[in-house]
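Chain B: place on chain A using the hints.
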Amino acid sequence: MEKWKIVHYINQFYAGIGGEEKAATPPEKHDGHLGPGMAFAAQLKDVADIVGTVVCGDSYFNEHPESASPVVLEMIRSFSPDLVIVGPAFNAGRYGMACGMVAKLVDEELKIPAVGGLYAENPGADLYKRYGYFVETANSATGMRQAVPAMVGIVRKLIAGEPVTEGYLPKGLRKNYFAAERGSKRAVDMLLKKLGGEDFTTEYPMPVFDRVAPAPAVKDIAKAKIALVSSGGPVPKGNPDRIESSSASKFGKYDLRNIDDFTAENGETAHGGYDPVYANEDLDRVLPLDVVKEMVAAGEIGSLHDYWYATVGNGTSVANAKKYAAEIAKELLDANVNAVILTST
Amino acid sequence: MVKEIERHGLPVVHMCTVVPISLTVGANRIVPTVAIPYPLGNPALEPAEEKELRRKLVRQALKALSTEIDDQTVFKTL
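Residue numbers (our numbering), protein chains in the order written: chain A, 1 to 345; chain B, 1001 to 1078.
It is possible that part of the hints are untrue.
Pairs of lysine-lysine, DSS-like flavour, derived with a Cα cap of 27 Å [stated by the list, open to error]: (1) A:K223 / B:K1056; (2) A:K22 / B:K1063; (3) A:K330 / B:K1003; (4) B:K1003 / A:K225; (5) A:K171 / B:K1003; (6) B:K1051 / A:K330; (7) B:K1063 / A:K330; (8) B:K1051 / A:K3; (9) A:K253 / B:K1003; (10) B:K1063 / A:K225; (11) A:K293 / B:K1051; (12) B:K1063 / A:K293; (13) B:K1056 / A:K293; (14) A:K223 / B:K1063; (15) A:K104 / B:K1076; (16) A:K323 / B:K1003; (17) B:K1003 / A:K250; (18) A:K323 / A:K237; (19) B:K1003 / A:K322; (20) B:K1063 / B:K1051; (21) A:K175 / A:K3.
Please keep in mind that the hints were generated in silico from the structure rather than gathered at the bench.
Treat the numbers as computed from the prediction; the structure is a model and nothing was measured.
Just chain A, same shape as in the assembly:
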């Protein structure tokens, strides 16, 4: 049997181009494998070859998805692959989004399978899991040694033409089947059990819709008290509370009364998930304190809460982010804040 041709999509970091400072790297392609592609090539060598690797900077792809997508697609297509491997991206948000978008392109335009790996909370997972076989991974690259064989297992099944029925994030696609009893009977049986207080198993678990109704709009901003919050990690110079650059264990609360403008001397970012150069030069680029203060002085905004709140969104769990926000919200309500501007990077 002819060996399958596989293209691997990775980001600038795994390609060895650089870290966050190279996250704006536009798409490029290379023959053969790069970075983690070596492990895939070795584990698949009897059935497939990694014929090419397509690389794109995480910020580049996420900031220009409409222009990056066709370029990446054509680069992948140029290798005439039978299958594409994306990532694994673990919990890296931009990388997971890019992997997901590439899987969608590959699925819809090339009509070949995509296999990837994502942590369940990666934003790319919910959005794109239906477009590929995404193995559920650990939340960081320490899980590479488990992720690669799991992904390889799925690739092997696809090459062998075997059904792939488990070991990946459910795509949410429906498969029809013939049941022994018809639906009306099954529904009544289930209802009788429920009414009788017996255990029953739903045939269709309800998805969890965690939506919040929009809060009423501010009637008059010129009379309102605004507060500034950020997940982009803006902190006073020196990061006095030592907020972590990833998986923040806390948020900081900082007095802004004596700062009218951020400079390289009084502010910096604690966030490790984006190139910090620009925020360190001028933190107003993440927390717009300078213009908000001017707008308060000019009467456009009623007043500004005395403190800003910051944490680092990079890899921070949803549960923790929720916890910090709940504490912040209570303080804001106590301080009679009317509305919040929350910035993210």
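Relative to the frame of chain A, chain B by itself:
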């Protein structure tokens, strides 16, 4: 964080660059920003121009906070 603050009854506007993430997680008022490492800035501009850009974005955020909405809404700055 946006949703949790809003759950307490405060209107929140999410100023962020990767809007699809904000939409997926359920922010209601969203203002798209410039870039991931500098959402409210642009180092390619002269400082005065950059500050004006920031002011425009913040004004859009205030507009979002002042607009009644029924559903998730992205307030693009023109």
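Status of the hints after comparison with the structure:
1. A:K223 / B:K1056: Status holds; Cα separation ~20 Å.
2. A:K22 / B:K1063: Roughly 35 Å between the alpha carbons, so the hint for K22 of chain A and K1063 of chain B is violated.
3. A:K330 / B:K1003: Cα-Cα ~14 Å, so holds.
4. B:K1003 / A:K225: holds, 19 Å
5. A:K171 / B:K1003: holds, 26 Å
6. B:K1051 / A:K330: With a Cα-Cα distance of about 32 Å, the restraint between K1051 of chain B and K330 of chain A is violated, given a limit of 27 Å.
7. B:K1063 / A:K330: Cα-Cα ~24 Å, so holds.
8. B:K1051 / A:K3: violated, 56 Å
9. A:K253 / B:K1003: holds, 19 Å
10. B:K1063 / A:K225: holds, 14 Å
11. A:K293 / B:K1051: holds, 12 Å
12. B:K1063 / A:K293: holds, 17 Å
13. B:K1056 / A:K293: holds, 14 Å
14. A:K223 / B:K1063: holds, 14 Å
15. A:K104 / B:K1076: Given pair K104 of chain A, K1076 of chain B holds - Cα atoms ~26 Å apart, limit 27 Å.
16. A:K323 / B:K1003: Status holds; Cα separation ~11 Å.
17. B:K1003 / A:K250: holds, 18 Å
18. A:K323 / A:K237: holds, 25 Å
19. B:K1003 / A:K322: holds, 8 Å
20. B:K1063 / B:K1051: holds, 18 Å
21. A:K175 / A:K3: violated, 30 Å
Checked against the numbered hints above, the structure breaks hints 2, 6, 8 and 21 and satisfies the rest.
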